[in-house]
Structures are given as C-alpha cells and as structure tokens.
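We have chain A already, so just place chain B on it with the hints.
Protein sequences, first through last, are from chains A and B. Just so you know, we're using numbering that gives the first Met the number 0 here: the first sequence kicks off at 0 and counts up by one. Just so you know, we're using numbering that gives the first Met the number 0 here: the second sequence kicks off at 0 and counts up by one.
Just so you know, not all the hints are guaranteed correct.
[Said to hold, decoys possible] Here are some, though not all, of the chain A residues that point toward chain B, as calculated from beta-carbon distances under 8 Å:
id : residue
1  : T73
2  : D84
3  : V87
4  : A89
5  : G98
6  : H106
7  : A107
[Said to hold, decoys possible] Far from chain A by the CB rule (all over 12 Å, computed), these chain B residues:
id : residue
8  : D4
9  : R16
10 : F20
11 : I50
12 : A73
13 : P85
14 : R120
15 : T148
16 : Q169
17 : T172
18 : T196
19 : L199
20 : A201
21 : P208
22 : L210
23 : A218
[Said to hold, decoys possible] Counterexamples of contact, computed for chain B against chain A with all Cβ distances above 12 Å:
id : residue
24 : Q22
25 : S47
26 : F56
27 : P65
28 : P74
29 : A92
30 : Y101
31 : I105
32 : W128
33 : P150
34 : A154
35 : R166
36 : Q171
37 : R212
38 : G220
Simulated from the structure, these hints should not be mistaken for lab results. Glycine is no exception: its CB is placed at the ideal position from the N, C-alpha and C atoms.
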Amino acid sequence: MIETIALQHSYDETTVIDGISLTIDDGEWVVIIGANGSGKTTLVRHFNGLCTPDSGSVIINGTPVSANLLAARTAVGMVFQTPRDQFVAATVEADVAFGPENLGLSHADIETRVSDALATVGLSECRHARTSELSGGERARVAIAGVLAMRPDHIVLDEPFAGLDLSARASIQDRLRTLAANGTGLITVTHDLEAVINDVDRIIVIQEGQIAYEGSPTSACQWLSTHSVDIVSPSILS
Amino acid sequence: MIQYDPGTTIIHQLDPRTKLFVQATVAALAFAHTTPRGLIVLSGFAISCVIMSNLSFRRAISAARPALPFLIAAPVVTAIDISSWPPEIVPAAAIGASLASYRVIIIFIIAAVYLHTTPIRQSQAAIQWFVPGRVGRLLALGVSVVFRTLPVIRADIHRVRSAAKARLIQNQTRRERVRIIGTAGLRRTFERADRLTLALQARCLAWNPTLPRLVFGRADGVALIFIIITAMFLLII
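Chain A with its partners taken away, still in its complex shape (with noise of 0.2 Å):
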C-alpha cells in the first residue's frame, strides 16, 4: 500500500505539490490526470524515493520511504515518460536483468525474471535486440519489463501511450490490462484518460498541487463535466 501524508514539495519559490494526502491499496489501479505542470509526475516520484519531500511523509507498505529506500524501489517501480531515459544497456535482455542484478539475486533467479517480464510484455523473440534499434512501441514494452523484472507491488508509467501510434497504444493498453488482472497495482499519469479510463478503479485529478477531486471514473467524469477543467476530450465526459 502506497500512503503520503500531508506531502509538500517546492522547486525553488514554487509549490508543486501542496499538502497531498492519499492512499492507493495493493492491486489498485488509479489514473492520475492534471494539466501540464500540475505536479503529477512529481507526486509519483515521490512513491519510489526519487524525490525527497520538504515536509510530510510517503509511507510503502507500512515502512516511510526515507527509512528503507530499497525496499520502496523495490515495491513500487517506475517507468518514464521516455523509455529511452530509462535504459542503461545495450541489449533488452542486459537491460531487462539491470534491475534484479542489482538486487543481487542468483543468476537462475535473474534469468526466469528476465524470461517471465519479456513474456509479459510479449517481446521474447527480441531478447539479443539492442535497445537502440526497437520501435517506440517496443520501446515502452521494454520499459515496463525492466520495471516488471524487479517484481514490484506497484508500477508507475508516466504517460505510457506518449508518441506511441495506435497499434502500439492498444498493445501497451492490453499489456497494462494483463497486470492489473494478475494483480500489479498501476498508477498511470496520463493525458491519455481515453484509453484506460474503462480499466480503472480511480482517477485522481490534481490541480495546482492539490488533489482536486479522486473518485471512480463515473463520478469523475460527472465531475469534470461541471467543472472547467481543460484536462480531457469532451468526447470522454459525453
């Protein structure tokens, strides 16, 4: 389970985050949706230690993110926005395995991860590949199998369906179906609300650093509707 309290974090003179309190239980599927600058990807990073609060506390399973940064790393993994930022190999299955090896688990245990993350994604035939040579599609599946490979309880994908075409979007949309159905909790930060907004059991609409509304996606939607906020396709709210 994924808890902040009270969280508070600036850049500079400017507040990003303003007092956010929320939980997000285990095999939950939450979508966090704001306009650009709303401090979406900021809240996120903070769930796996990638940003230090300025006060209040984020808490994983029970245990506050800044006594045991491992165990929050490890527990809930992150996939950015560019999945060329997150690779740090050459190859899908060395940069598949970087996360596990560096938990220092057995190479048996390092290479059924690796296997078992590539079949999820649906890229086992592109183990050898380099990274560098995967279309974008590819690209994010690697992504979130390098993130998969580590086990986690819960997956962050900030804007997974970014510049991806329309085959690739539902392809990532099946992959992300696929695990929450076996489970894996996902926070997905999107302008995308389209294409997940029929899999998951909350939306979180963040407005200037604050949580304006969370609720499911038919009060959601209701909500939007009422309020100005530029954030969605009308077709959606319709």
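Here is chain B on its own, set in the frame of chain A:
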C-alpha cells in the same frame, strides 16, 4: 562510437579477462617493439581480431579518430628541423614518430574490438576480478557508468547538431556555430546526466550487483597461448 554489439563470434565468446589480458599484452608489445617488423606482426593480429569479431574496418579505425590529428601531427612536427634558417624538412627524422603514431592506432583498434564484443557487466566483473575489494568495485562501477553514459551523451549531441542544421546553422559564422552547438550540447549533457542518474536510482543501482559468471574456456586457453607465442616471437626477432 564503438559500443557492444551482441554476437556469436569467437571473440564475443571469450572471457573478458582474456580479452583484457590480450589488450594489455598488445599494448606492451607495441611499445616495446616499435619496429616495422614488430608492427607488421601486430597489424596482422589486429586485422585478424577485427575480422573474427565481425567489426567493420571503418568502425574499428573510427575508434582512433579523436587522436588522429595528434598522431598525424607528431611525425610532421618531428620532421621539421628548426636548428637552421629557413627550417628544413628531414623525412628520416619522421620515421620513428610515424611508427610511434601507428602503434597507437593498433592499440585503438584492439580496444575497439574489446568494446564491440564485451557487455558492460562483463567488463565490470573482469575489473572486479583483477582488482578485488572496494577499490575494484569503485573502479568497475565507474567504468560501467562511464560506458553507459558516453554513448547516450554522444547521441544527444548528434541530435543537437542535426536540429541546428535543420534550422540552417550553416549560415552562421564558424564562431557562432561553435558557441551555439557547444552551449546546447553542454546543457543537454547535464540534463542527460541528470536523467540517467534518476534512471539508475529508480532501478536500484548497487555497489555489489550480481555480475555475470566468468568462465575460462578452451578458446580462452588457445587465445592466451597464441598471444604468448606472438609475444615470444616478437622478443626473438
């Protein structure tokens, strides 16, 4: 820039320790036997390595590109005799410097073969084997971070140049071109370093990761015997 390319060649399959040992031996021989005969033998060895590793000659030689201006300038400068006026060109004086420059190219080519055939994690494991303890870990981690960072930074700078060309930077003065690409490239380098640091943190970069098993096989034995025979041959001739 030369990077690891997955492959199944015999050199890909060699233990990284063998490859590092061969590299060090070739470097030592090139410095100890900077004679035409010695360099011919080492050139043959370097060419064989390039062919066996499935690396193109163009890419292998490109590894030496950053040093080429100095390697070419050295014999030219040596050949100029300034003891008299006007200065005279003494071609014979350039022979030694030319051989010295050439041996550096051979060493670059052998290094290119190593980079082309060895994953970063294997290099990390080999370094930790050669230098045990914390110093070895620090050194191996440093090498691993540098080799992960350099290719992406180079690609970023290439993108900066392409974007500038697309917007007609060639119409600017040379000084202005250097300033624009230099500052944009530097800014992009720092941004990239930040993003890579974040990615390494998110994926739990550790001091003591599980490194690949290093297996010394029959091919490694053959390679070592071959390099030792080559070294002895060069010592005799």
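The hints, checked one at a time:
1. T73: Status holds, d = 7 Å.
2. D84: holds (5 Å)
3. V87: holds (5 Å)
4. A89: Status holds, d = 5 Å.
5. G98: holds (5 Å)
6. H106: holds (7 Å)
7. A107: For A/A107, the interface hint is violated, since the closest Cβ of chain B sits about 10 Å away, which is over 8 Å.
8. D4: Given a closest Cβ separation of 7 Å, the condition is violated.
9. R16: For B/R16, whose nearest Cβ neighbour in chain A is about 18 Å away, the distance exceeds 12 Å, so it holds.
10. F20: holds (23 Å)
11. I50: holds (22 Å)
12. A73: holds (34 Å)
13. P85: holds (54 Å)
14. R120: B/R120 is in fact no farther than 12 Å from some Cβ atom of chain A, at 7 Å.
15. T148: Per Cβ check, B/T148 is inside 12 Å of chain A; nearest 9 Å; violated.
16. Q169: holds (27 Å)
17. T172: The claim stands: B/T172 keeps its Cβ more than 12 Å from every Cβ of chain A (closest is about 33 Å).
18. T196: violated (10 Å)
19. L199: violated (6 Å)
20. A201: violated (4 Å)
21. P208: violated (4 Å)
22. L210: violated (7 Å)
23. A218: holds (20 Å)
24. Q22: holds (20 Å)
25. S47: Holds: least Cβ distance 25 Å, greater than 12 Å.
26. F56: Check passes; 21 Å lies beyond 12 Å.
27. P65: holds (21 Å)
28. P74: Its Cβ never comes within 12 Å of chain A, the nearest being 36 Å, so this holds.
29. A92: The claim holds: B/A92 sits with its nearest Cβ about 45 Å from chain A, beyond 12 Å.
30. Y101: holds (30 Å)
31. I105: holds (25 Å)
32. W128: The claim stands: B/W128 keeps its Cβ more than 12 Å from every Cβ of chain A (closest is about 16 Å).
33. P150: Answer for B/P150: violated, closest chain A Cβ roughly 8 Å.
34. A154: Non-interface label on B/A154 violated, nearest chain A Cβ at 8 Å vs cutoff 12 Å.
35. R166: holds (22 Å)
36. Q171: B/Q171 clear of chain A: closest Cβ-Cβ about 29 Å, beyond 12 Å.
37. R212: violated (7 Å)
38. G220: B/G220 is indeed farther than 12 Å from all Cβ atoms of chain A, at 24 Å.
Going down the numbered hints, you'll see the structure goes against 7, 8, 14, 15, 18, 19, 20, 21, 22, 33, 34, 37, while the others check out.
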